[in-house]
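Keeping the supplied structure of chain A fixed, place chain B upon it in accordance with the hints.
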Amino acid sequence: KQEVTQIPAALSVPEGENLVLNCSFTDSAIYNLQWFRQDPGKGLTSLLLIQSSQREQTSGRLNASLDKSSGRSTLYIAASQPGDSATYLCAVKSGRNAGNMLTFGGGTRLMVKP
Amino acid sequence: DAGITQSPRYKITETGRQVTLMCHQTWSHSYMFWYRQDLGHGLRLIYYSAAADITDKGEVPDGYVVSRSKTENFPLTLESATRSQTSVYFCASSERETNEKLFFGSGTQLSVL
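Chains as they are written, first to last, in the working numbering: chain A, 25 to 138; chain B, 7 to 119.
Derived by calculation from the structure, the hints in this document are not laboratory data. If a hint is listed, it holds; no wrong ones were tucked in.
Anything over 12 Å on all C-beta distances counts as not near chain B; from chain A, calculated:
hint : residue
1    : E39
2    : N46
3    : S52
4    : A53
5    : E80
6    : T82
7    : D91
8    : S93
9    : Y100
10   : Q105
11   : P106
12   : D108
13   : S109
14   : M135
15   : V136
Taking lysine-lysine pairs in the PhoX-like style, the calculated list, with each CA pair at most 20 Å apart, reads:
hint : chain 1 : residue 1 : chain 2 : residue 2
16   : A       : K92       : A       : K25
17   : A       : K66       : B       : K17
18   : B       : K76       : B       : K63
19   : A       : K25       : B       : K63
20   : B       : K107      : A       : K66
A few chain A residues facing chain B, derived, Cβ under 7 Å:
hint : residue
21   : K66
22   : G67
23   : L73
24   : F128
25   : G130
Treat the numbers as computed from the prediction; the structure is a model and nothing was measured. Note that beta-carbon positions come from the ideal geometry of N, C-alpha and C, so glycine has one too.
The shape of chain A in the complex, shown without the other chains:
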């Protein structure tokens, strides 16, 4: 059974720092990996989707990398801002079909202090 772990569970940084969030998964046979952001009391917003054949995806100040062989993904946030404060979750999909469920990590709660 696929297991997804995110470390650390919580992170507090001063504004302007570059930071890395980690996601590891136990079964490297994945179809894709997705990073989400969740604000308190809100739903999840998809940030980046990396297909299994890709190594990384970039969107603005965000860069996500994928190393399937080692079962790891990182989300890099450049020049962090207080507005980046949220919980970040990664989720892996183990197959192409809709029935291949997403397995979510527990999330990293990020606080960026002004």
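Just chain B now, with coordinates in the frame of chain A:
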């Protein structure tokens, strides 16, 4: 407004009652999903639907019923609510199976007393 909307936002009910959570999307996405989010368990898939009149079980389907008579609606019913079903419920949709960026609603916080 365009997007995916859930109602109600908050719901308190008693054990044994039937409860229906609503989900409506305006994108005509084929795929819709129901998740529950609990501390210590993260997000878990309850049911999903590939199209109108096509539904299938996810990881934790027991005690829940879904229907999808129209593409845009995907209600989730708790037939006889239990305390263990106290959770935050999220509906999500995606355009197609191969483009699996998920769009989530804002959630329904359900308390079963």
